[in-house]
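One-letter residues, chain by chain:
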Amino acid sequence: MLGIEQGGLQSAEALLLARYFMFAQLYFHPVRRIYDIHLRDYLRAWLHAGQYSINLTDHLSLTDNDVLFAIQRAARDSALPEHDPARRIVERDHFRLLYERNPIDIRTNIDAARAVYKAACDTFPESLVRYDSVVQRNVPIDFPVLTSDGRIVSSLDLSDTLNNVPVAKADYVFIAPEHRDTAKRWLETNRDTIIAPKEEVE
Amino acid sequence: MERLQRVAVIVSLVEKLNSKGSWSGETHVQKTMYFPQELLRVPLEYDFILYKHGPYSFDLSDDITAMRADTLLKLDPQPPYGPRIVLGEESEQVKRRFPKTIAQYNAETSFVAERLGPMRVVELERVATALYVTRELGESADCESRARRVRELKPHISLEQACDALRQVDTFIEGARTLHAAHQNVSAHA
Numbered sequence: 000m001l002g003i004e005q006g007g008l009q010s011a012e013a014l015l016l017a018r019y020f021m022f023a024q025l026y027f028h029p030v031r032r033i034y035d036i037h038l039r040d041y042l043r044a045w046l047h048a049g050q051y052s053i054n055l056t057d058h059l060s061l062t063d064n065d066v067l068f069a070i071q072r073a074a075r076d077s078a079l080p081e082h083d084p085a086r087r088i089v090e091r092d093h094f095r096l097l098y099e100r101n102p103i104d105i106r107t108n109i110d111a112a113r114a115v116y117k118a119a120c121d122t123f124p125e126s127l128v129r130y131d132s133v134v135q136r137n138v139p140i141d142f143p144v145l146t147s148d149g150r151i152v153s154s155l156d157l158s159d160t161l162n163n164v165p166v167a168k169a170d171y172v173f174i175a176p177e178h179r180d181t182a183k184r185w186l187e188t189n190r191d192t193i194i195a196p197k198e199e200v201e
Numbered sequence: 000m001e002r003l004q005r006v007a008v009i010v011s012l013v014e015k016l017n018s019k020g021s022w023s024g025e026t027h028v029q030k031t032m033y034f035p036q037e038l039l040r041v042p043l044e045y046d047f048i049l050y051k052h053g054p055y056s057f058d059l060s061d062d063i064t065a066m067r068a069d070t071l072l073k074l075d076p077q078p079p080y081g082p083r084i085v086l087g088e089e090s091e092q093v094k095r096r097f098p099k100t101i102a103q104y105n106a107e108t109s110f111v112a113e114r115l116g117p118m119r120v121v122e123l124e125r126v127a128t129a130l131y132v133t134r135e136l137g138e139s140a141d142c143e144s145r146a147r148r149v150r151e152l153k154p155h156i157s158l159e160q161a162c163d164a165l166r167q168v169d170t171f172i173e174g175a176r177t178l179h180a181a182h183q184n185v186s187a188h189a
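Chains as they are written, first to last, in numbering that gives the first Met the number 0: chain Y, 0 to 201; chain L, 0 to 189.
For the record, the hints were derived by calculation from the structure and aren't laboratory data. Glycine is no exception: its CB is placed at the ideal position from the N, C-alpha and C atoms. Treat the hints loosely; a few may be bogus.
With a straight-line cut-off of 25 Å between C-alpha atoms, the simulated BS3-like cross-links for lysine-lysine are [as the list claims (entries may be wrong)]: (1) L:Lys73 - Y:Lys117; (2) L:Lys19 - Y:Lys117; (3) Y:Lys168 - L:Lys73; (4) L:Lys99 - L:Lys19; (5) L:Lys73 - L:Lys19.
Here are a few chain L residues that sit away from chain Y, every Cβ distance over 12 Å (derived from the structure) [unchecked claim]: (6) Glu1; (7) Val41; (8) Glu89; (9) Val93; (10) Thr100; (11) Ser139; (12) Ala140; (13) Arg147; (14) His155; (15) Asp163; (16) Asp169; (17) Arg176; (18) Leu178; (19) His182.
Start from the sequences, fold in the hints, and give me the full structure.
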């Protein structure tokens, strides 16, 4: 956004709030995020050396159809190393949400989600736990506004709404569905100890 | 360096910039954070590229946004100008949890805040670009060739301004050497 006239300020507020809700409710939805993680796990196991080819011809010859076909095949063949993430995608057997960031825990420990992740890895098989942290990038709330009397001022000087547009952020800990109930009980019992901030070591 | 340790260094630097009367907009924080890493060997591990107004790190920009989400930092409107970055309510938590990291790099953050805090954005752009070029061509490169390179990268900076900025950077490099030597003396006697 380069700048706007003052008459468009409320429209700009509405757009930026809508963008925040898109991140908070859709892009950072935990189920969408865990499918990203399963897809990433699959690609790392399936692609040569865990990466897309940097050979131009090879790279351009790989299409979505090739990947989707390979996922279907791997989901049916338990001998393949990429079987588990492929099966979770195809059978909708994704990891379930164990913990998500919340303002109460953040006041105790701004890294509460990572603390839960580390403790969960010590208690359950590490390969069945995933951590995800994502933040909304580029939140353009400060832009020039041409006022009705011809001055150019910051949008933040004119709009209380823009001063309070939150930044969408999500921190999640996921666990395999077969451990979900046990893990939920474990977390309920140990939450306060787990998220208590640790003293800094050298 | 762990993410929260980097966050502690940023909190410490922003606090000192604020106290030195710096405007502390995002551009100020971006440019001043370049100096601890590239001049004073603070291992922040940000990738800086030369961008519109000098060295810029997208990773640092993401960290600053994440710190706003965690209320470690907040924007403070300053009519009729843009907002300043100031400490948010959870910054105290980081200061309590990472006293060793903050103390370890206290001299470096003070060094940067004292020298760069009072500068305006245009001055910061010049000295940060001058440091970028000095890192690129080496400290032994003469001032004239470095000034030419600054002008190649940022043609709107005059030759005189480029030379002034490079002289400032050379002074900072001398100061950084003294600081480093003092650190080594302390370590040797510890």
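>> So Arg147 of chain L supposedly isn't at the interface. Is its beta-carbon more than 12 Å from every beta-carbon in chain Y?
In response: 33 Å, holds
>> For Thr100 of chain L, is the shortest CB-to-CB distance to chain Y above 12 Å, so the non-interface label stands?
In response: Thr100 of chain L is in fact no farther than 12 Å from some Cβ atom of chain Y, at 7 Å.
>> Need the status of pair Lys73 of chain L, Lys117 of chain Y: alpha-carbon distance at most 25 Å?
In response: Measuring from Cα to Cα gives roughly 29 Å; hence the hint is violated.
>> Over 12 Å from every CB of chain Y: does Asp169 of chain L meet that, or does the non-interface label fail?
In response: Given that every Cβ of chain Y is farther than 12 Å from that of Asp169 of chain L, nearest at about 35 Å, it holds.
> Can we confirm that no CB of chain Y comes within 12 Å of the CB of Glu89 of chain L?
Replying inline: It is violated; Glu89 of chain L is separated from chain Y by about 6 Å at its closest Cβ, not greater than 12 Å.
> Under the criterion that the straight-line Cα-Cα distance not exceed 25 Å, is the pair Lys168 of chain Y, Lys73 of chain L satisfied?
Replying inline: Given pair Lys168 of chain Y, Lys73 of chain L holds - Cα atoms ~15 Å apart, limit 25 Å.
>> Using Cβ atoms and 12 Å as the threshold, tell me whether His155 of chain L really stays out of contact range of chain Y.
In response: Check passes; 20 Å lies beyond 12 Å.
> Between Lys99 of chain L and Lys19 of chain L, is the straight-line Cα distance small enough, at 25 Å or below?
Replying inline: Satisfied, since the Cα-Cα distance of roughly 23 Å is no more than 25 Å.
>> Tell me if the straight-line CA distance from Lys73 of chain L to Lys19 of chain L falls inside 25 Å.
In response: 18 Å, holds
> With d taken as the least Cβ-Cβ distance between Arg176 of chain L and chain Y, does d exceed 12 Å?
Replying inline: Given a closest Cβ separation of 26 Å, the condition holds.
> Taking 12 Å as the cut and beta carbons as the points, is Ser139 of chain L off the interface with chain Y?
Replying inline: 36 Å, holds
> Closest CB-CB distance from Val93 of chain L to chain Y, is it above 12 Å?
Replying inline: 7 Å, violated
In summary, the numbered hints that this structure violates are 1, 2, 6, 8, 9, 10.
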